[in-house]
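Sequences listed follow chains A and B, in order. Heads up: the first sequence begins at 1 in my numbering, then just goes up one per residue. Heads up: the second sequence begins at 639 in my numbering, then just goes up one per residue.
Don't take every hint at face value.
Lysine-lysine pairs mimicking DSSO-like chemistry, simulated, CA-CA at most 30 Å apart [as the list claims (entries may be wrong)]:
#, chain 1, residue 1, chain 2, residue 2
1, A, Lys402, B, Lys898
2, A, Lys569, B, Lys1207
3, A, Lys402, B, Lys1040
4, A, Lys260, B, Lys1040
5, A, Lys33, A, Lys402
6, B, Lys845, B, Lys652
7, B, Lys769, B, Lys815
8, A, Lys207, A, Lys14
9, B, Lys1086, B, Lys798
10, A, Lys448, A, Lys469
11, B, Lys840, B, Lys815
12, A, Lys202, A, Lys9
No lab work stands behind these hints, which were simulated from the structure alone. Remember, predicted model here, so these are calculated numbers, not experimental data.
Number of protein chains: 2
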Amino acid sequence: MEAKIRNAKAIALKNARLDDPFWGRYTRLVTEKLLPYQWRALNDLVPGAERSGCVENLRVAAGEREGRFHGYVFQDSDLAKWLEAAAYSLTWRPDPALERQCDEAIELIGRAQEPDGYIDSYFTIEAPGAKFRNLRQGHELYVMGHMMEGAAAYFDATGKRRFLDIMCRTADLICDKFNTPEFSAAYPGHEEIELGLFKLGKAAGEKRYIDMARAFVERRGVDPDWFAREEEHPDYVTVWGRGGLDRLYHQCHLPVREQKTAEGHAVRAAYLYSAMADIAFEYGDGSLLHACETLYGNIVDRRMYITGGIGSSGAGERFTADFDLPNASGYAESCASVGLAMFCRRMLTGTGDGRYADTMERALYNTVAAGVSLGGEEFFYVNPLEVWPESCVEGTSMEHVKPVRQRWFGCACCPPNIARTLAGLAGYAATENGEDFRLDLFISGRYKTPMGEVEVRTRFPFEGNVALKIEGGGGRLALRLPGYVRDYAVLRNGERVEAELRDGYLYLSGPWDNDTVEYRLEIPPVFVWADTRLRAAAGRVAVMKGPVVYCLEEADNGTNLSALTVDTKAGLTEDYRPELLGGTTVIKARGWRDVDDPSGGLYRFDEPQREPAELTFVPYCLWDNRGPGEMAVWVRRG
Amino acid sequence: MEAKIRNAKAIALKNARLDDPFWGRYTRLVTEKLLPYQWRALNDLVPGAERSGCVENLRVAAGEREGRFHGYVFQDSDLAKWLEAAAYSLTWRPDPALERQCDEAIELIGRAQEPDGYIDSYFTIEAPGAKFRNLRQGHELYVMGHMMEGAAAYFDATGKRRFLDIMCRTADLICDKFNTPEFSAAYPGHEEIELGLFKLGKAAGEKRYIDMARAFVERRGVDPDWFAREEEHPDYVTVWGRGGLDRLYHQCHLPVREQKTAEGHAVRAAYLYSAMADIAFEYGDGSLLHACETLYGNIVDRRMYITGGIGSSGAGERFTADFDLPNASGYAESCASVGLAMFCRRMLTGTGDGRYADTMERALYNTVAAGVSLGGEEFFYVNPLEVWPESCVEGTSMEHVKPVRQRWFGCACCPPNIARTLAGLAGYAATENGEDFRLDLFISGRYKTPMGEVEVRTRFPFEGNVALKIEGGGGRLALRLPGYVRDYAVLRNGERVEAELRDGYLYLSGPWDNDTVEYRLEIPPVFVWADTRLRAAAGRVAVMKGPVVYCLEEADNGTNLSALTVDTKAGLTEDYRPELLGGTTVIKARGWRDVDDPSGGLYRFDEPQREPAELTFVPYCLWDNRGPGEMAVWVRRG
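Kindly produce the complete structure, drawing on both the sequences and the hints.
So this is what it looks like as structure tokens:
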């Protein structure tokens, strides 16, 4: 691979100060709402929310309190993700009080850690004799991986080594244990340790940890029956019951290079593919990179919702089959789109190919952004493309779909995942390689780059103009040209210039001296159709503007959105509405509404009439901020 | 209620000899395939099928074998239903060998019965100390109810009292036990005993049993927490786990007269409503009848599939909400449509209103008939309106949908239910009240009626002519005029006559003397639309001919049925094809197929093209007899 790509890195958080009209609301939420709210939740201080028990568990594990473990077996990871998010926020908003909270939490983790480096309060409290004996369900490596990610982030943000040192002891334990003959073929049931060991290895300068991450990736699926056989060990303790191993669910049906389709639990899969990308680029492994590209292609061409959601089945929170993407019953877990963005970020960094940025952007501006309310205290775990509240009945096949965001969840992996993604958003925005600066997402801010400071000003995604000022230096400026842009222009110091288009980026060369660049992207509202094999979109159309998927809501269009048909011949109009949903562009279409006599019986021999109707679309990521009601992304077309 | 209606009864099976081109295939299957095959299955003699253990359990309960109970807690009911089906078949096809099998099975039941009358092999073998302590899950009363239905049927068919006497001892036990103070508010978790006690009471001339059936109906939901409190008893033993009582699921959220919507598990609901109808008519209870009418209306107007299927959620096998009838993920259990037909049969008998016959017919000619393959050895448990085999993946939200019929099921309630319905089909076909004869379904055969023999000849549902010959007597002949018939004529001895239309029936008066009646029904193929609130049918249309719902299959139309749009302006043509699917009318339409470039990406900015296409529809009940493939009832309209 080219040297330039090999040196590429996502921009360091401390080298970016975002100040964006679209994302600013979300990033402000991190420090104003998400971090304080989640801290209270983890400490069981939120009235009306399901109890977390996360911090309390660690106190019990540390021997400071009596009690039983509470919550899911992976509860510790909520604190790890909180620390990661907090660390990221400290890079752009120093906060001594927050930093003290973090330091105290880290100390608690240190006390809960066992002398050999083991850290996982569930097993420490409830099943100390069964450590690593249930890799399928135990989530120990998952917890440790998230702790490692938190430690690396905190070290990067503050320079403090305490968390790093704690987790290096854990990593040492893992490197010892998982290279013994007994565990030499073992791999985790929920991928994550691979990502944590990689980050920790980079932060601590320990290649051993990165080699261990690689080993976990390489071993996966070579022995597809590990999770069945571990049940035979006398120390095995079950968490959710024995038997019934589903290899696809755990992506252990085949060695990773032989996996051609995205299978199983979507979050596990996305984390695995992200780790595969880490390893492929680290070791220059062409066959592993090829596997990543194959899996990426399967997702993007056949198994991804238009909103960047992945996981089409509520049961199993998983992939199902090519082109099977049901609108109402789908899953599209917030965590899974975070994972998809992570995977794309790595592929983008490693290859410089803008198509990965298109997908990363699609996931971030839609499913990930949809995951949190405007108020910042309610979250979606499941992100369907069509919601009809009356049909979301408890005890039925739709009970996984909550038609309104929830304050907290018993299984609370999504809110902290959203928080760490928003807090670390700048890392998705740009790339640099010591010479060049590449703008991957159109997010306003000031970036410290090889060309000095680059200031970016834009009102994207509501407007397509991006204004840049480049301080100096000789490197190249690469501006992403998204796949959805039909027309664009680049002006340098007011003059139109031609730029070289390579792999989805427009390259402008230096030298620079306080130059201004104006990048004009045409991003009108457009209709979008799906491949005819995507059955859930047959006879339907969606509306997008730039990367933003739009939807109908009951608040604007009345009940029974299924009665509406949009006239794709009549065009779309857009209108920025500052007072609506925190300020957003609304898109309108013309069409029809079916009408019939409600007393005519359920099945009839006469076609319904239809009357002209105006259809109003709002961004999918802003839905459910005006009270419960129907929503639909794919609308009948006629 | 009118005296005429009060005396009405479904025609006795021994008074009907069916010989029908449509149903003949199914009824022949009963004796040629279903009964022998199911007998082998119940005796664990079918290679490749899931083990039943049914007969073996009874041998163990009788103390004749060692062993543990095998199967679901209600496994005994499979034999009861088999006996009921066998009994019905003996009324129209005497078979000494079959009768001997029945007698032996009945003797075994007698030996498995405990001295106090208790009969339920699960509890006898596994939990004798917990009898009636888990009414929610134990299914004892369910088993006993089916045994009672079998006993009444066998007595009616053969005159033999043995089974009747066995079950009268059980009924005596129930009447004693459930009138003690401790159990005076109790009712079963799965309704069925109400139906069994009623039938047994009628057959044995014991009003006490009918009063007990009434009591179970009246008590239901008066104490909505019975199933929660029974868990506190020291003798309580769980079957599927404690807690999590869902009152809607068990229709015990309210007393039955206060229930306005069809809720919960669809089979339980249908059996309850059938029992409510039995009791309402038996006791002349107007308020209970009103409750039946309300629930019937809610089902037919808001919660029933066009195929007469009920139960829209795989999870819980249950009703969900008004107008929520998803096509692919729905449930529409075969047993539930049997239950709906049972409910309608009772309402029809009691009120004489033809709309109940329309619904009964819809369920029988579609979901119930679809439940068994042409070969008679494969069954559908779940009857969706749209199937795409690739999406029916294990471990996902679609795993309840099997895209092909199965040889047997671990939970085998449906095949025996289908068998007893087909064996007793004549009971659905006509009604008499000692004076008049009413033809409710158009099924060829010879009926013994108050007007002597009435012979019916028809090729319905493929042709709309029904030819009758009435032997003699003075009563009235009532011919149902289905709601879907637009045009008809009645000829008597070749001359057109006007007949009085009342409650959906055309009445012709006697006297009769070998008169011929020709009843010509116009039943062309037609398009059918749904109420616009039925979201799953928005922008779609179905095709029917008479009561038969049609569907597209992959075998005729290729893959990806969602790419097809039917032109509702272009009309439909029909064509009887004797060589296809055992002989059936095929319906053709014109329309279009979407085409696009498969390499164009999953989401695109260009609309697909479409090319003209011919669409071929076959009866829904005959789908999946030509190998696995896609199927769809609701087709895009344009």
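So, going through the hints one by one against the coordinates:
{"no.": "1", "hint": "Lys402/A / Lys898/B", "in the structure": "holds, 25 Å"}
{"no.": "2", "hint": "Lys569/A / Lys1207/B", "in the structure": "holds, 22 Å"}
{"no.": "3", "hint": "Lys402/A / Lys1040/B", "in the structure": "holds, 27 Å"}
{"no.": "4", "hint": "Lys260/A / Lys1040/B", "in the structure": "holds, 25 Å"}
{"no.": "5", "hint": "Lys33/A / Lys402/A", "in the structure": "holds, 22 Å"}
{"no.": "6", "hint": "Lys845/B / Lys652/B", "in the structure": "holds, 24 Å"}
{"no.": "7", "hint": "Lys769/B / Lys815/B", "in the structure": "holds, 11 Å"}
{"no.": "8", "hint": "Lys207/A / Lys14/A", "in the structure": "holds, 24 Å"}
{"no.": "9", "hint": "Lys1086/B / Lys798/B", "in the structure": "holds, 23 Å"}
{"no.": "10", "hint": "Lys448/A / Lys469/A", "in the structure": "holds, 12 Å"}
{"no.": "11", "hint": "Lys840/B / Lys815/B", "in the structure": "holds, 21 Å"}
{"no.": "12", "hint": "Lys202/A / Lys9/A", "in the structure": "holds, 12 Å"}
In this structure, every one of the numbered hints holds.
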